[in-house]
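Engineer: Protein chains in written order, with our numbering: chain A, 1 to 511; chain B, 1 to 319.
Derived by calculation from the structure, the hints in this document are not laboratory data.
Please note that the accuracy of each hint is not assured.
[Unchecked claim] To list a few chain B residues with every Cβ distance to chain A over 12 Å, as calculated:
1. THR41
2. PHE143
3. MET309
[Said to hold, decoys possible] Derived lysine-lysine pairs resembling DSSO-like cross-links, with alpha carbons at most 30 Å apart:
4. A:LYS376 to A:LYS25
5. A:LYS309 to A:LYS373
6. A:LYS341 to B:LYS267
7. B:LYS267 to A:LYS240
8. A:LYS342 to B:LYS267
9. A:LYS165 to A:LYS147
10. A:LYS383 to B:LYS267
11. A:LYS341 to A:LYS373
12. A:LYS165 to B:LYS267
Using N, Cα and C, we set each Cβ at its ideal position, and we do this for glycine too.
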Amino acid sequence: MTNPASRLSLIGVSKVFPGIRALDKVSFDVRPGEVHGLLGENGAGKSTMLNILSAVLQATEGQIVIDGQPITLTRPADARAAGIAMIHQELQHIPQLSVAQNLFLGRPLTRTGGLLVDRATQEARARAILADLDPRIDPRAPIHTLKVAQQQIVEIARALLDDAKIIAMDEPTSSLTPSEFDALAALIARLAAQGKSIIYVSHKMNEVFQVCDRATILRDGRFIDTVDLSQITEDQVIAKMVGRDILHARHVSHARPEIVMQVDNLSDGGLIHDAGFSLHKGEVLGLAGLVGSGRTELLRLIAGIDRAKTGSVTLNGKPVDLRSPRMAIRAGIGLVPEERKKDGIVRARPVSSNIALPCMGRFTRFGLVQRGKLHKESTALMKRMGMRPPDVTRAIGTFSGGNQQKAIIGRWLAADVDILLFDEPTRGIDIGAKSEIYDLIAQLAQSGKSIIVVSSELPEIIRLSDRVMVMREGTIAAILDADQISEDAIVANAIPKSKGPVPVAQALEAM
Amino acid sequence: MTDTAIPTRKAPRFNLRDAGTFLGLVLIFAVFAVLNPVFLTAPNLINILQQSSINACIALGMTFVIISGGIDLSVGPTAAVSAIVGATLMIAGVPIPLAVAGAIATGMACGLFNGALVAIAGLQPFIVTLGALSLYRALALIFTGGNPIFGIPTEFRSAINGLVMGIPVPVIIVAIIAAILWVVLNRSPLGEYILAVGGNPEAARIAGVPVARTKIIVYVLSGGLAAVAALILTGRLGAADPTMGNLWELDAIAAAAIGGASLMGGKGSVVGTLMGAVILGGLRNGLTLMNVQAFYQLLATGIIILVAMLIDRATRGRA
Chain A
1 MTNPASRLSL IGVSKVFPGI RALDKVSFDV RPGEVHGLLG ENGAGKSTML
51 NILSAVLQAT EGQIVIDGQP ITLTRPADAR AAGIAMIHQE LQHIPQLSVA
101 QNLFLGRPLT RTGGLLVDRA TQEARARAIL ADLDPRIDPR APIHTLKVAQ
151 QQIVEIARAL LDDAKIIAMD EPTSSLTPSE FDALAALIAR LAAQGKSIIY
201 VSHKMNEVFQ VCDRATILRD GRFIDTVDLS QITEDQVIAK MVGRDILHAR
251 HVSHARPEIV MQVDNLSDGG LIHDAGFSLH KGEVLGLAGL VGSGRTELLR
301 LIAGIDRAKT GSVTLNGKPV DLRSPRMAIR AGIGLVPEER KKDGIVRARP
351 VSSNIALPCM GRFTRFGLVQ RGKLHKESTA LMKRMGMRPP DVTRAIGTFS
401 GGNQQKAIIG RWLAADVDIL LFDEPTRGID IGAKSEIYDL IAQLAQSGKS
451 IIVVSSELPE IIRLSDRVMV MREGTIAAIL DADQISEDAI VANAIPKSKG
501 PVPVAQALEA M
Chain B
1 MTDTAIPTRK APRFNLRDAG TFLGLVLIFA VFAVLNPVFL TAPNLINILQ
51 QSSINACIAL GMTFVIISGG IDLSVGPTAA VSAIVGATLM IAGVPIPLAV
101 AGAIATGMAC GLFNGALVAI AGLQPFIVTL GALSLYRALA LIFTGGNPIF
151 GIPTEFRSAI NGLVMGIPVP VIIVAIIAAI LWVVLNRSPL GEYILAVGGN
201 PEAARIAGVP VARTKIIVYV LSGGLAAVAA LILTGRLGAA DPTMGNLWEL
251 DAIAAAAIGG ASLMGGKGSV VGTLMGAVIL GGLRNGLTLM NVQAFYQLLA
301 TGIIILVAML IDRATRGRA
């Protein structure tokens with residue numbers, strides 16, 4: 001089973017969390033001097049795999065073998081001792097300290113019997129290592145004065161200082177410019193040539209094909225394939241990542257001709273300006289755009305959370321004043337916010353209370369909350385939505401993200417709003433619950449609710465939407481009808497025109 | 001992994017935290033019962049309730065403010081201002097029920113001022129009520145020239161000092177208030193709103209909870225209850241003292257915290273706060289019975305508060 005030529009072998013590695021198998025018997029191996037991509041959608045298990053390799057999490061079952069030796073990883077120090085180094089997406093250093101101090105953080109070189117830090121030697125060793133990587137980095141400079149790309153090189157230097165044999169990089173290019181990426185790619189190639197094994201996690205296909213030799217593809221926590229990237233096309237890899245069922249799930253529109261909401265010239269005096277569109281009964285309207293294009297801000301205006309400066313919103317032909325969430329809810333608009341913990345749930349309160357908040361009046365008689373009615377209705381609602389377990393007396397904070405999301409959606413069903421606004425409805429939700437949420441959105445549309453969905457995942461938006469509205473720099477750049485919807489069309493409209501041509505693939509990644 | 005269910009026990013029907021407070025209460029009373037035979041007699045227990053009633057009254061209002069995520073440091077001076085208004089009205093010949101209403105309205109007005117600054121102007125509750133603490137005290141002192149108002153009508157005094165079926169009137173007043181507040185917190189929409197606003201104000205707002213109104217109501221409630229406490233004390237002393245209520249806020253916060261109110265907001269219990277007040281009252285009574293000096297009583301109070309919080313922390317887990 002273990003390939004003698006492999007540096008790192010994972011054999012049947014699983015990670016089980018209560019209620020979810022994040023990794024299910026995953027096996028693959030990484031060779032010495034190889035750059036090995038780890039690919040998969042959000043939630044496929046990449047992060048869990050990296051966390052197991054860096055011993056932040058412990059595998060539930062399975063074996064990890066390095067150079068033919070089975071190893072146990074229980075503490076982060078074990079991973080370091082085994083020669084595994086991790087370069088995190090969020091770089092981890094102390095900004096005020098110097099490059100050399102950060103390099104030797106937690107294990108300083110000392111003199112006079114361990115009493116004093118030997119700065120001179122630290123700096124000399126840092127200089128020696130950095131000379132090989134990027135001689136422009138001054139070991140004495142405070143690290144916050146460095147560019148992100150240089151900070152990343154310091155992280156790599158730290159890995160080399162540890163004499164790591166395996167360097168895992170989690171989305172290393174998320175904040176790099178194209179030229180910085182080229183430099184990083186060259187550095188990775190050099191490290192591989194020296195015999196280091198690199199595990200490269202990214203969902204940017206072009207980079208993976210440029211940097212990696214082979215790649216292992218995960219989906220829903222399962223191993224799908226390890227592929228030789230010189231023998232396969234990008235489309236084939238994407239198909240393996242996404243799974244045909246999701247790509248080709250058929251979208252059925254339930255949109256009816258009557259217009260439920262008409263938005264005209266909406267501006268917030270800041271980012272959002274001249275936003276106008278209409279929403280039909282039973283329609284799912286996708287809202288796409290780059291990060292910072294104003295998608296969330298537009299939803300918040302419509303939900304009454306932030307106040308519009310100018311413009312109007314008309315519901316069923318009547319103008320409405322959306323000065324507060326309360327007024328928006330009364331008008332029939334409910335928001336399922338992106339940041340569930342911050343904006344959605346009251347953690348310590350029972351599910352039933354969280355559901356009832358917008359419509360306490362419905363559950364109140366003679367000034368008292370009708371606990372029995374509330375319990376019965378919210379339990380029925382949560383059973384229908386597949387909440388597990390359907391115990392609405394439990395504090396909502398004790399449920400998984402997917403279940404919390406169902407409760408927030410249930411809240412708006414209980415309040416019987418006509419228009420539901422979803423901001424990134426499947427963020428932080430496991431794959432099973434994700435498809436349930438998709439089905440739920442379709443059912444809601446079928447039952448005559450009108451829906452706006454903001455999502456950064458293009459496949460998600462394409463799968464869900466009847467029409468797709470694309471935002472660019474605070475306004476609606478385009479509204480694509482069903483027959484015009486494609487990733488290319490969305491991206492083409494999302495890119496700011498003033499900034500010159502941006503390759504479609506690169507813009508796609510910024511979404 | 002944000003997306004994993006945290007396995008938990010099924011929420012029990014009774015309040016586990018209240019059971020803990022009760023256990024503490026029983027423990028402290030048991031110790032005093034062993035140390036002093038007088039402690040556990042009926043007259044002394046009634047005495048403890050009587051002595052605890054003023055703090056309990058203040059602490060109930062404080063509990064609501066704390067649950068909503070705020071704090072009311074101005075309860076003592078609010079009480080003083082209310083007592084002075086009530087006493088002045090009574091002496092001026094205003095019928096006693098009207099004078100009582102005037103005193104309570106004064107307390108509620110003080111609370112409204114605090115609530116408006118917190119909920120509408122958006123200032124921090126600690127600072128608002130710290131300012132109000134000086135402000136209201138100053139008003140009471142300026143109005144009276146620093147002198148107590150004597151000559152409280154005997155009808156009022158005897159009403160407050162009376163007994164109903166052997167139970168002192170203040171205890172009955174506070175018991176009725178507590179019963180009403182229990183229903184408000186646990187069975188009314190306002191209670192849900194208060195718990196939601198204290199638990200997560202932004203989520204509550206997005207869910208359509210009238211956040212500002214809810215916050216204002218709890219401060220008005222706290223001010224009104226401070227006035228009730230002030231009237232009880234005025235009736236017992238036969239005078240309205242402008243320095244009344246010094247450090248009441250600390251006893252009230254202590255009772256609420258012992259009873260399970262979280263200063264982070266979102267958590268608290270009416271029954272717990274009552275028990276917290278009785279624990280503090282029983283402690284003082286027991287130590288006095290044993291002729292322990294006031295300095296040591298203060299020491300014991302401090303220790304009880306900290307021990308209660310440590311036990312709370314340890315049993316609540318890291319959730």
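Engineer: Would you mind marking each hint as holding or not holding in the structure?
Structural biologist: To see whether the hints hold, each was checked on the structure:
| no. | hint | result |
| --- | --- | --- |
| 1 | THR41 | holds (39 Å) |
| 2 | PHE143 | holds (38 Å) |
| 3 | MET309 | holds (18 Å) |
| 4 | A:LYS376 to A:LYS25 | violated (41 Å) |
| 5 | A:LYS309 to A:LYS373 | violated (41 Å) |
| 6 | A:LYS341 to B:LYS267 | holds (17 Å) |
| 7 | B:LYS267 to A:LYS240 | violated (48 Å) |
| 8 | A:LYS342 to B:LYS267 | holds (18 Å) |
| 9 | A:LYS165 to A:LYS147 | holds (26 Å) |
| 10 | A:LYS383 to B:LYS267 | holds (28 Å) |
| 11 | A:LYS341 to A:LYS373 | holds (27 Å) |
| 12 | A:LYS165 to B:LYS267 | violated (51 Å) |
Hint compliance for this structure: hints 4, 5, 7 and 12 are not met, and every other hint is.
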